[in-house]
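Quick note, the sequences are listed as chains A and B, same order.
Under this note's numbering, the first sequence has 102 at position 102, and the numbering climbs by one with no breaks.
Under this note's numbering, the second sequence has 172 at position 172, and the numbering climbs by one with no breaks.
Treat the hints as calculated values from the structure; they're not laboratory data.
Keep in mind that a hint or two might mislead.
The list makes no distinction among identical chains, and a pair is therefore deemed to hold if it is satisfied within one copy or across any two copies.
Derived lysine to aspartate or glutamate pairs resembling EDC-like cross-links, with alpha carbons at most 16 Å apart [claimed, not checked]:
id, residue 1, residue 2
1, LYS129, GLU277
2, LYS266, ASP244
3, LYS251, GLU40
4, LYS18, GLU7
5, LYS280, GLU40
Number of protein chains: 2
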Amino acid sequence: MELWFSEKQNDEVKFSIKVNKQLYSAKSEFQRIDIFESNEFGRFLTLDGVMMMTEKDEFIYHEMMTHVPMSVHSNVENVLVIGAGDGGVVRELNKYDNIKNIDVVEIDEMVVRACEEFLPNTANSFKDKRVNLYFQDGLKFVRRLENVYNLIIVDSTDPFGPGEGLFTKEFYGNCYKALKEDGILVNQHESPFYKEDAIAVQRIHKRIVQSFHTSMVYQAHIPTYPSGHWLFGFSSKKYHPLNDFKDKEWKKLGIKTRYYNTQLHKGAFALPNYVEELLKNVEA
Amino acid sequence: MELWFSEKQNDEVKFSIKVNKQLYSAKSEFQRIDIFESNEFGRFLTLDGVMMMTEKDEFIYHEMMTHVPMSVHSNVENVLVIGAGDGGVVRELNKYDNIKNIDVVEIDEMVVRACEEFLPNTANSFKDKRVNLYFQDGLKFVRRLENVYNLIIVDSTDPFGPGEGLFTKEFYGNCYKALKEDGILVNQHESPFYKEDAIAVQRIHKRIVQSFHTSMVYQAHIPTYPSGHWLFGFSSKKYHPLNDFKDKEWKKLGIKTRYYNTQLHKGAFALPNYVEELLKNVEA
């Protein structure tokens, strides 16, 4: 028997993974949740049929969302993570002793519970005493806060469905407000390659630059996301991701990573010309 | 009607593209050649069902194979290109006035003729007066040469089928011999991500380091190749790709690129930890 999971990454492109078995399938109030087991990728999580993470390459996404801001701001104490029901970002944050509090706001409790059962390698991170889990809409949660966090990480789904509100100008403005004056916002920024995704990249960037005076984009190779070329946004009230990069300090922490390193940090901000153009076109 | 081209990138992973129509299909002495037309990728070429290039993302691969060595060695006059029947590398080389001669050795004349008919955007490059096309086995061609080229670019297929010989220790040794003392070898180096591909990366690197004292690996985002994370080898008798990088000189040439730029040149050599480890494991 052959069992294949296929994701239509857009109308013209399909990515398929051979599956050993389906471990979990449920419909929550917000979305359909599935977890599969495969030879090549280990276990993987999909929401409404869209790839969220695989055991094989989740380290790339989670390390790049976490260690890039944490090596620029050396005194992060209070962090807000929005989305991230799989726990991967929290696992990476847990590696820092200076962090005192991690608020995680995930709209869908069923995602967290499913991950705790089937993806312990990421979801075990929620057990850390510094972590507070809130099952709420991130958009509403952040609205009422002012001058609270040193770092906000937006680990959202794509800009449609339950994650849609996390891509609005209002949301980025509220994140700005919820950050302290040394605050950094990191967000998943979609992919520049396919036509529709590139439009999403532009839309996100346009909205963020309206709130933050430093807004830069960096990239990583994430094979299970459309095109494998994934972008992240780094926005800050105070810090520049390269000029304020504390590479020596970060190295001294001795944090183990499989993708991220301090050379790659710098390289990740060196974008291809065609991506630079996409971004510049909406900066004016 | 829906028509889909699917490539099994390995036993567990399939990548599929919606096709408008098949423009060409033939069997040469060496392989099956197909050219398709699609909405998302424009036209694309496959050999034995394996993706070689698409009109949408070929610029990434071809720019990265060409401009990286050309911005390190500022006086390349004589170039050998092995494989590259689509003409993309030659198109990029044609942008340099200082190049006097480009020998292209492609084993399969039918590939070149098909590309000339259906992929003129790359294959038109063969018309440049400096280009000499040889329809021969690259392995044999390079065997008899000594101290001839400033640059050899190995734009081969994968390490099985007709391209197999271009991944042997003997071949890399012969390339070393065919290069002048200022010579650079650039080769397509497969992908580090999937298990089988990662083994190929290690095998290639092990063989090249036995011939060249400077052998470094760099990367690019190529969405239509397995995992989208693709590697290239830079080996030289004399030049270091970063220490001898002539970024200001290169910028003055005013060469237009859509992926490559001088910041990205440096970033491309900043590899993820897991890739560095793959390579170090065979360097001893």
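Verification of the hints:
{"no.": "1", "hint": "LYS129 / GLU277", "in the structure": "neither (44 Å within a copy, 34 Å between copies)"}
{"no.": "2", "hint": "LYS266 / ASP244", "in the structure": "within (11 Å within a copy, 19 Å between copies)"}
{"no.": "3", "hint": "LYS251 / GLU40", "in the structure": "neither (32 Å within a copy, 42 Å between copies)"}
{"no.": "4", "hint": "LYS18 / GLU7", "in the structure": "both (12 Å within a copy, 13 Å between copies)"}
{"no.": "5", "hint": "LYS280 / GLU40", "in the structure": "neither (38 Å within a copy, 23 Å between copies)"}
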